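*Asks:* If you want the building blocks of each chain, they are given just below.
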Amino acid sequence: MSGSWAIRGVRPLGGEPADLFIDNGELVDEEPAGAEVIDAAGLIALPGLVDLHTHLREPGREDAETVETGTAAAALGGFTAVHAMANTDPVADVAGVVEQVWRLGQDAGHCDVHPVGAVTVGLRGEHLAELGAMADSAARVRIFSDDGHCVHDPLLMRRALEYVRAFDGVIAQHAQDPRLTDGAQMNEGEQSARLGLAGWPAVAEEAVIARDCLLAAHVGGRVHFCHVSTAGSVELIRWAKGKGWNVTAEVTPHHLFLTDDVVSTYDPVFKVNPPLRTAEDVAALRAAVLDGTIDAIATDHAPHALEDKETEWAAAAFGMTGLETALPVVVAALLETGALDDAQLWPLVADRMSSRPAAIGRLSGHGQPLLPGAPANLVLVDPAATWTVDPARGASRGRNTPFAGRTLPARIVATFLRGRPTALDGKVA
Amino acid sequence: MNRHLLSAADLSRDDALLVLDTAEEMAQVADRPIKKLPTLRGRTVVNLFFEDSTRTRTSFELAAKRLSADVINFSAKGSSVSKGESLKDTALTLEAMGADAVVVRHWASGAPHRLAHWIRGSVLNAGDGTHEHPTQALLDAFTMRQRLGRLEGLNVGIVGDVLHSRVARSNVLLLHTLGADVTVVAPPTLLPVGVDAWPCAVSFDLDGVLPKCDVVMMLRVQRERMHGGFFPTTREYSRRYGLDARRLAMLPDDAIVMHPGPMNRGVEIAAEVADGVRSTIVEQVANGVSVRMAVLYLLLGGDLSAGSEDVA
Amino acid sequence: MTPAHASPRLGDTSPGSPRPVSGDPTTARPVLDTADVGRAVTRIAHEIVERNHGADQIVLLGIPTRGVTLARRLVTRIAAVEGTTVPSGSVDVTLYRDDLRLRGVRPLEETDLPPDGIDGRVVVLVDDVLFSGRTVRAALDALSEFGRPRAVQLAVLVDRGHRELPIRADYVGKNIPTSLRETVHVLLTETDGRDGVLLGPADVGRAPAGTEEAR
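Just so you know, the protein sequences line up as chains A, B and C, in that order. Take the position in the first sequence, starting the count at 1, then add 4; the result is the number in the working numbering. Take the position in the second sequence, starting the count at 1, then add 1; the result is the number in the working numbering. Take the position in the third sequence, starting the count at 1, then add 1069; the result is the number in the working numbering.
Treat the hints as calculated values from the structure; they're not laboratory data. Here the structure is a predicted model, which is why all the values come from computation and not from measurement. Beta carbons are placed, not taken as given, at the ideal position from N, Cα and C, and that holds for glycine. A portion of the hints provided could be inaccurate.
With a straight-line Cα cutoff of 20 angstroms, these simulated SDA-like cross-link-like pairs (lysine to any residue) come out [said to hold, decoys possible]:
(1) B:K36 x C:K1243
(2) B:K36 x C:V1191
(3) B:K89 x A:R403
(4) A:K313 x A:S268
(5) B:K89 x A:L108
(6) B:K37 x C:L1212
(7) A:K313 x B:K37
(8) B:K36 x C:R1141
(9) B:K37 x C:G1216
(10) A:K431 x B:H118
(11) C:K1243 x C:L1171
(12) A:K431 x A:P413
(13) A:K313 x A:P413
(14) A:K431 x A:E35
(15) B:K66 x B:A31
(16) A:K313 x B:A31
(17) B:K37 x C:E1214
(18) A:K431 x A:L374
So these bits of chain B aren't anywhere near chain C, every CB distance computed over 10 angstroms [stated by the list, open to error]:
(19) E26
(20) Q29
(21) P39
(22) G262
(23) V283
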């Protein structure tokens, strides 16, 4: 079980070197007797990462990912909690399914699994699912989303935003107007015109975000926007936050790092929903992470079976894996802005990848400051190490990383979940 | 030239001219009693068609046979492809059969790019989705040069469903490479967002463009677009963007009318225009064979990395 | 795009432009000078007329590039002797070669047959150098598809030996014994600025001349 640890010379949030002590699953003041010692000189300690947006595929597509393999990947990526999206088969739209996923997470033990409940029955956008039952279940669901589908009906969205107020829930909207994106394959712009792929206009995302900001304000509900991908979306969210409305937003590591230029190979590993956008969008998203307009970075880890990706672009599934590359990609993207020094970088990463997502998901045990008394959920990062992404070496069953072959900064050295190592030296512990 | 021909953008100006010059020599074969050359004896060309196109397939087949290649037609209909075999498995099968070239027509943009990723032979894009159709552009350029004697400085209007047209994309790229000035003309709903980045001018007004055109190329309006809400009615489309006798009269005297076929007579082109002396539509078909012979020869004739030293 | 191979050096052999003179002319040794070339062409012209009892039935077809130039000169010489201009043209054998895979793709050169064709005529193929014989073999294949000549004869300025096929020339300007490691450069004023034949070492860094064709 969870032993006791002395992590020596580590730099919490990139600050001055210090010793961290773990005993009985918590951070403690004094070095426990017989603690196992880790020489952490040069390493950074961050609170364990929290993902708001993970597809674990179980139940239904265990060939693509399972709770076991997905959470192992999460541990290797430095995560201590993930939110499992509802688009499984069967859909997580009743208490029974969310409790099943939650228990699978407990059994696997690599990180906490917090199921996301579907907003509507079968993700069909017609009737509200039993949101209250999922909230009251053992899984204690607080985030509801039809992710993969937009809750497009404005009346249904209004009711959902109103209804979840009763248990402090939040609707995580996948903002995509279905009519404007019928058959869409990639960002609509110069590249889609050249490549002859059906365009996915930015306005299809922005129009829904604008509407839902107004709806949330009107009913006093809490809305969260999944995987925001355009400069226009950032502007709208900034405007809504300026009004004091209860709006939060996430961005994926890949939208912070890649542009639609990569689509020119037609390699479906770059096919994702929402699509990769332009360099201007990437710059706006990075700026929004820096100034807090975007609250959280979430992976949208979407593993797929090989046969769903090794195909024509138009026939391929949307989605990329992300758990094992998230932190390094975010570090690379933020460093590219040139706006941060070391002392600013790590507190920002901790905030956007741990504290704020934990707050949005109402997770009390995660995203806490690394202080005595807090649950010992933390990750050790080697900021000086670089590594090359090899999809075959990951724990995820999905091989569809868009970063294959890229050399990234910052390596995850160890992850602790309530004092127990879940990853050590790049291996599942 | 590269090993594959996937996009008209793969061709440099020298490459494109080499294809056209070679096609001129190939055209002579059609006038001979024996319309056959031994050049590609022992090579295997696979026509891999995931979409029906009898004219393009036949044109490639004839071109390959005139060069003495062995030709295998692999059609999506009645083969394992229609039973859900993946493009990759099909590619591996063709690879195992020793295909030296795969001529691929596919409903998905970029499918030839994926195919080129999986096989060693040359891949020729014979039309992919709404992306490109480079040999069509080459035969169009060949036809223009044959009729008008030059390409440099020619004013070419490409009219119609530019958004979904692989012919338009390839022609804009190739004609720009060859020094022609292209204007695409269409209702705004049938132009892609991002067309501003193309090396051509854009207009919504056919009547304004016609008087300066040396070439006007009419694109086919696909039946599904007619009901896709891109324009109010077919009648309104033909009135604003169809080429009829009145508009034909607006063209300069020696201007030519092209169409990649198959035509919708009475929609984008009036019957009397299609059959008129300025129309190159029949020549385009004949030239298609010569141009495809040239491309097959240049891609397959030999190992392109070998030297070209001359020894008698 | 997948640039699997470097582009061929297209500029080297664009249609109508001179073939490159391989080898280093400074180390090449002249074996025929301007006057020698002139005399050889004149003699071949006379021999063609003599062998065929006049020029009535003759068609001269040059193999590009220098064979075409030589054929044109022969037309002029025969006209001076006989007072008639014999039909002439060119036949590009590139598409009939058996060594495309080894030598790589080359731009095609012009095939230009006289308006009356070659049926029933005596076709004299003209080339600058006879070596392995494979070019002539390709030319014979090409001719058989253009028509049915009564007879085919072969005229070359230089025969350097090393035949790989049962082919011989009917008219030879000069027999030059060579080793396989040597190259023969034929220079003609129209393409090279002067007339002459040089014998030089094989090009450094390239395969010995002829070996590509020979295998």
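*Asks:* If a hint holds in the structure, say so; if it does not, say that too.
*Replies:* Hints, one by one, checked against the model:
The hinted pair formed by K36 (chain B) and K1243 (chain C) fails the criterion: a straight-line CA distance of about 38 angstroms is larger than 20 angstroms. Restraint check: the Cα-Cα separation between K36 (chain B) and V1191 (chain C) comes to about 23 angstroms, which exceeds 20 angstroms; the hinted pair is violated. The suggested pairing of K89 (chain B) with R403 (chain A) holds, with an alpha-carbon distance near 17 angstroms, which does not exceed 20 angstroms. For a cut-off of 20 angstroms, the pair hint linking K313 (chain A) to S268 (chain A) stands: about 16 angstroms separates their Cα positions.
Between K89 (chain B) and L108 (chain A), the direct Cα distance comes to roughly 35 angstroms. Violation of the 20 angstroms bound is thereby established for this hinted pair. Annotation: proposed proximity of K37 (chain B) to L1212 (chain C) holds, straight-line Cα distance about 12 angstroms (limit 20 angstroms). Using a Cα cut-off of 20 angstroms, the hinted pair K313 (chain A) and K37 (chain B) is violated, with the two alpha carbons roughly 43 angstroms apart. For the proposed pair K36 (chain B) and R1141 (chain C), the alpha carbon gap of about 28 angstroms is over 20 angstroms, so the pair is violated.
Only pairs whose Cα atoms come within 20 angstroms are accepted, and K37 (chain B) paired with G1216 (chain C) is accepted, the gap being roughly 13 angstroms. Restraint check: the Cα-Cα separation between K431 (chain A) and H118 (chain B) comes to about 33 angstroms, which exceeds 20 angstroms; the hinted pair is violated. A C-alpha spacing of about 29 angstroms is found between K1243 (chain C) and L1171 (chain C), which places the hinted pair above 20 angstroms, so the restraint is violated. With a C-alpha separation of about 18 angstroms, the suggested pairing of K431 (chain A) with P413 (chain A) holds against the 20 angstroms cut-off.
Using a Cα cut-off of 20 angstroms, the hinted pair K313 (chain A) and P413 (chain A) is violated, with the two alpha carbons roughly 27 angstroms apart. At roughly 26 angstroms between alpha-carbon atoms, K431 (chain A) and E35 (chain A) are farther apart than 20 angstroms, so this suggested pair is violated. As the CA atoms of K66 (chain B) and A31 (chain B) are separated by approximately 12 angstroms, the hinted pair is consistent with the 20 angstroms bound. Taking the CA atoms of K313 (chain A) and A31 (chain B), the gap is near 45 angstroms; set against the 20 angstroms cutoff, the hint is violated.
At most 20 angstroms may separate the alpha-carbon atoms for a hinted pair to count; K37 (chain B) and E1214 (chain C) meet this at roughly 8 angstroms. Between K431 (chain A) and L374 (chain A), the direct Cα distance comes to roughly 23 angstroms. Violation of the 20 angstroms bound is thereby established for this hinted pair. A beta-carbon of chain C comes within 10 angstroms of the beta-carbon of E26 (chain B); the shortest separation is about 4 angstroms. Under the 10 angstroms C-beta cut-off, the non-interface status given to Q29 (chain B) relative to chain C is violated; the minimum distance is some 6 angstroms.
Taking the minimum C-beta to C-beta distance to chain C, about 6 angstroms, the non-interface status of P39 (chain B) is violated against the 10 angstroms cut. With a least beta-carbon separation of about 28 angstroms from chain C, G262 (chain B) lies farther than 10 angstroms from that chain, consistent with its non-interface assignment. The non-interface label for V283 (chain B) is consistent with chain C: the shortest C-beta to C-beta separation is roughly 25 angstroms, beyond 10 angstroms.
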